[in-house]
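Can you make the complete structure from the sequences, with help from the hints?
2 protein chains.
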Amino acid sequence: MDIRKALFLCLLFTGLLSCTQSSENSANENNLIIREQGSFAVGGTVKENPGTFNTITRGPEGQTYHGDHAYVFYQIPADARQYPLVMWHGFGQFSKTWETTPDGREGFQTLFLRRRFPVYVIDQPRRGNAGRSMAEGTFTPTPDEAFWFNTFRVGEWPVFFPGVQFSKDPEALNQYFRQMVPDIGPIDIAVNVDAVSALFDKIGEGILVTHSHSGGMGWLTAVENDNIKAIVSYEPGSGFLFPEGEVPAPIENSAGALVATGIPMEDFMKLTKIPIIIYYGDFIPETPDPNPGTDGWRARLEMARLWRDAVNKHGGDVTVVHLPEIGIKGNTHFPFSDLNNVKIAGLMSEWLNEKGLDK
Amino acid sequence: MDIRKALFLCLLFTGLLSCTQSSENSANENNLIIREQGSFAVGGTVKENPGTFNTITRGPEGQTYHGDHAYVFYQIPADARQYPLVMWHGFGQFSKTWETTPDGREGFQTLFLRRRFPVYVIDQPRRGNAGRSMAEGTFTPTPDEAFWFNTFRVGEWPVFFPGVQFSKDPEALNQYFRQMVPDIGPIDIAVNVDAVSALFDKIGEGILVTHSHSGGMGWLTAVENDNIKAIVSYEPGSGFLFPEGEVPAPIENSAGALVATGIPMEDFMKLTKIPIIIYYGDFIPETPDPNPGTDGWRARLEMARLWRDAVNKHGGDVTVVHLPEIGIKGNTHFPFSDLNNVKIAGLMSEWLNEKGLDK
Chain B
1 MDIRKALFLC LLFTGLLSCT QSSENSANEN NLIIREQGSF AVGGTVKENP GTFNTITRGP
61 EGQTYHGDHA YVFYQIPADA RQYPLVMWHG FGQFSKTWET TPDGREGFQT LFLRRRFPVY
121 VIDQPRRGNA GRSMAEGTFT PTPDEAFWFN TFRVGEWPVF FPGVQFSKDP EALNQYFRQM
181 VPDIGPIDIA VNVDAVSALF DKIGEGILVT HSHSGGMGWL TAVENDNIKA IVSYEPGSGF
241 LFPEGEVPAP IENSAGALVA TGIPMEDFMK LTKIPIIIYY GDFIPETPDP NPGTDGWRAR
301 LEMARLWRDA VNKHGGDVTV VHLPEIGIKG NTHFPFSDLN NVKIAGLMSE WLNEKGLDK
Chain D
1001 MDIRKALFLC LLFTGLLSCT QSSENSANEN NLIIREQGSF AVGGTVKENP GTFNTITRGP
1061 EGQTYHGDHA YVFYQIPADA RQYPLVMWHG FGQFSKTWET TPDGREGFQT LFLRRRFPVY
1121 VIDQPRRGNA GRSMAEGTFT PTPDEAFWFN TFRVGEWPVF FPGVQFSKDP EALNQYFRQM
1181 VPDIGPIDIA VNVDAVSALF DKIGEGILVT HSHSGGMGWL TAVENDNIKA IVSYEPGSGF
1241 LFPEGEVPAP IENSAGALVA TGIPMEDFMK LTKIPIIIYY GDFIPETPDP NPGTDGWRAR
1301 LEMARLWRDA VNKHGGDVTV VHLPEIGIKG NTHFPFSDLN NVKIAGLMSE WLNEKGLDK
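Each protein sequence line maps, in turn, to chains B and D. Under my numbering, residues 1 to 359 are what the first sequence spells out, in order. Under my numbering, residues 1001 to 1359 are what the second sequence spells out, in order.
To be clear, the hints were calculated from the coordinates, so they are not data collected in a lab.
Here are the simulated lysine-lysine pairs, DSBU-like style, with alpha carbons at most 35 Å apart: (1) D:K1047 x B:K329; (2) B:K202 x D:K1168; (3) B:K168 x D:K1047; (4) D:K1329 x B:K47.
Quick caveat, the model's predicted, so the values are computed rather than measured.
Next comes the structure, spelled out in structure tokens:
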């Protein structure tokens, strides 16, 4: 690091107390050095009522409405690496997924800033800070957290899985449940893909990091936009894309059948042009299990392996890492915010390095 | 700054190229030096369905629901000043209010980080990233942007006010309209005040910065929580609190009557214990005007002055600054993100300094 180099030289040549003071304060190596940060909306559509707006009566005539954009918060560190990381949340989640962990530690947003990557976190259209939806919606607060506790494989409600990488402090679970937000109107895959593609049009080449529901949308976005140079996908849930005619049979599981999608070969081939890595955590049964919370993931992991084989057969570079198989135990559906998330970040860093994506 | 001091000494004693390289990169004085950043939910309530959750059938029984918290994103700079700034958005807005301006420059979030204040930006309960509401809601996308263009005093739709401090680049207006989000369920003042008060319980003493609708909620929060050491309020819109028996008559205006609120004297007196400054921008008519977009602000400015007089009569320290009166022209309802927002930030800095709040 340049600061450390400067301070080393400063100490070497001067030995002054002020150097060490500086090192302990603003030049502390634990500080984040941010060159630029901010937020913006990207993508979306506009509708306009016919007629002319009347200043006094303020009726609907002639008024416009902008919606269905994504909201993006970004930070660019000093001495930034070439490719930014674009982090896209999963179902029911928003950018918080990548921010502070439920137990209050740094999430991938800040961990990867420390690793000198520009980081963009998204709220997809109709979600969180991108709530200005083009579609009507209704919302009813419905107790559903035991469902999510099980589906996110924290445990079997209300009991934590043994060895799970999740804090037993009740405040962690409080934060975890509060990091969900509703959809405003229906989820529209095409709207989401268009907005994230617009983001890559704006920022240029980068690396897409997806989670769960954004996994499938991420493949579609990479088909649409050549600026996506690689994908890191944590526990993609659905929407695996196969060439038409090579779509595998649905995989039955106790949460329902997991169905793959067929797309034209020409589109599919775009997924063979970029390196892709997929990670799955622990507590996924090896054989059919009556608990749909875990059994759904058995099907998804199996489908991910079929997909890997299909892409690689056509010349692609897809890796599936089932974390327990490499000795990393206890991860939930959110490996990037689990207690061992620094180790998980390390795996991602190593892979990006192997692929020459961290220059 | 310590880094600059270290580099100065480094240059002085060594004259090495590496010092100047460092200065241009990570030690660049334009960089933000962040000691810590993150996000969390604060406040809120929990409900729980009776019964026992069934892992297989996953019905409603025994499930919980956490909602009505605020969402907070915070950054603490190196060498931080004592009091953090807590920035609370207005009606229809979220934390974006304080982030990048519609025309792409730094907003108050980053400007005040540069001035070494810890900065907390809020999404109030049922808004934006705090969308997990305890109340039912429906949403219909309704073209309303001419209404907001006028009410926020950017101009008289579609014409900008002459000399308005707002970019004429169409992309600025695009970003401006997209920085709105709907409420999920009704706005509940008590829920909002409780959540922001819980934030001050968590972080300790600090300064509350409000805008428009959060102005009135800010007074209520200061009545509830002694950790609020000062309030900076941009264009407070409603909810001015007077002692019962001293409530002024409603102020008629072409947007409707502006009604003040009476509270017990004991509560009111808490507002006399902290310094408070209020700013209003330009384009506010001096006499009744048929345009409700601007005339509502005539009433609010008048009420703010009555309120200042009431608080100060009881020993308080409230200042109302109507920006055009001190020669600062062209500001909209969003002075902190207008084209001259660095000057507006300067006024706030000076006031905090005068009051000894920037140590």
